[in-house]
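Based on these hints, arrange chain B on the given structure of chain A.
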Amino acid sequence: MSAVAADGLPRYGTRWRRTGVLLGAGLAVVVALVALVRTSVIASSIVVQNASASFSSSAIVGQDVGLGVVPILRSNGSTGSVLRAGFATVSLNGFCLSKTETIAGFTYTITLSAGDGNLATNEITANNAVFDLSSMRSAGQAGQATNGLVLQGIDQLGLAATDVTTTRTGGVFDANPLEASTSGYGKGAFGIDATSGSLSSVKGTLWDAQVNGSINLPNLKIAVTPGTGTACSAAGSAYPK
Amino acid sequence: MSRPVLSSRWRQRVLATGAALALVLGLTSWPLPGRVGDESAAALPDGPYVCGPNDVNRRPLTLSSGGGTIRPCLSGVDLQVTIPDNTSNVRYAINKIRSVDTNNLVDANGTVMTDLVHISFDSFVIGQNTSGAAVPVSGVTLATTNGNGYTLNLSPDAGVTLGGPGVTTDLWVTEDSWVRVNDNMLGLGCLVLTISGNPCKLTVGTFSSLSWLLNGSSYNGYGMELHVKYLVTYKTGGGVPTGSSVQLPNTSMAIS
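Residue numbers (my numbering), protein chains in the order written: chain A, 1 to 241; chain B, 242 to 497.
If you're looking for bench data, these hints aren't it; they were derived computationally from the structure. Quick reminder that beta carbons are idealized off the backbone N, C-alpha and C, glycines included. One or more of the hints may lead you astray.
Stated by the list, open to error - Here are the simulated distance ranges between beta carbons: (1) Ser-372(B) - Leu-220(A): 47 to 53 Å; (2) Arg-74(A) - Asp-326(B): 37 to 43 Å; (3) Pro-301(B) - Thr-107(A): 44 to 50 Å.
Stated by the list, open to error - Partner residues aside, some chain B positions facing chain A, computed with beta carbon under 8 Å: (4) Asp-348; (5) Ala-384; (6) Thr-385; (7) Ala-495.
To be verified - Coverage of chain A stretches by chain B, computed from C-beta distances (three or more under 8 Å per stretch; other residues unrestricted): (8) 105 to 112; (9) 131 to 139; (10) 152 to 163; (11) 189 to 203.
With the rest of the complex left out, here is chain A (with noise of 0.2 Å):
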């Protein structure tokens, strides 16, 4: 950042051009990223590493839903089996991640949440959302006939995972979208299949959400607290307590 002048000293002082050009550009690149994951033109996605977060939603309705066991391996090597659930689309009345680290002693929590707090709107919404859930408690507000785990259309269960259909192309079926493991073509990894899919108040614990096409998180929200930060609370939500 110097030069010499013609006084013969040196000189100091910002190139504006130079640096305008640099931050110019890199400013409309980050504008132009941002854009687009707002606008549902950027995949998303969040991946947990080596250990379980907390998650829960007031609703989560899909089309043309798959769950099946998948095996996965950790970035600590450690292995396991979640039940993966796909969905071609699927709509979300809120939805509110939560994670607690601990690096060099301290431990904090890293809380994501989404939604407009409006129990009569599925307001968020994803083309192949994919979710590695380990556990996971589906209820429902009093006097709802349809909470819990529903499915709809034709049902299938006992299908090898890799079987289980959501997303098309050109119309026709993906093959093995949950990219379950094709061990043995599939044998001894439980499958489910529905033409639809719902759960109502939903929270439980995940080691991976995706969505591999677009996605809209209205009022998206990351907050960082120190500690093990408080519950998993889909915005509006009555539930989960």
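Leaving out everything else, chain B in the frame of chain A:
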């Protein structure tokens, strides 16, 4: 002689560094073709999933009530559906129980599963009696018993629907599966066939000899243990049910 602009050097550095960082972060985050949202995804095959060499393990199954033929690729995993047994309290209702036939099926890897009994239920609802009145039920579980290194448990704590009104549920179960049911005709059948008690505890393997009774209507159920290899719900007479076919209210899921 010095210039006063030296006092803003830190601000300049921060600005320049920030600009460079923003550009680098933005460019490295830009989605390149083929890696959009694909962090843990493997490449997908181009066509539908193949079940065994040349899809040979995808065998046709004919559904019982106008549902046509379906060609599932089966996991071979047992899903044990349990309603704790008792002889005095109704736990579920079924309009019809049909014994269709006995099949040898194959799983995805070609292992033969012998003597599976193909049965079907009409309007199977747990937590109701045949009059449609709610009845208390607890301890209902759906759990895998021979998964590949895992156990999946689904534990609903209220009435479960596996089919429901206007829906037929076809199941392929092992022949040691059983149901305990009762109605007037079947009570007589229990007496004639000296099957254990009334309400009758019937193993699925005996269904074929009781088909003349079981095809009647409206059975109250008291207990059940089904080892299900495959279950499918569809609109009675064929087609896609308009409502919910499977309901697991207030349900906990765990995989271990």
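Unmet hints by their number, sorted upward, for this structure: 3, 5 and 8
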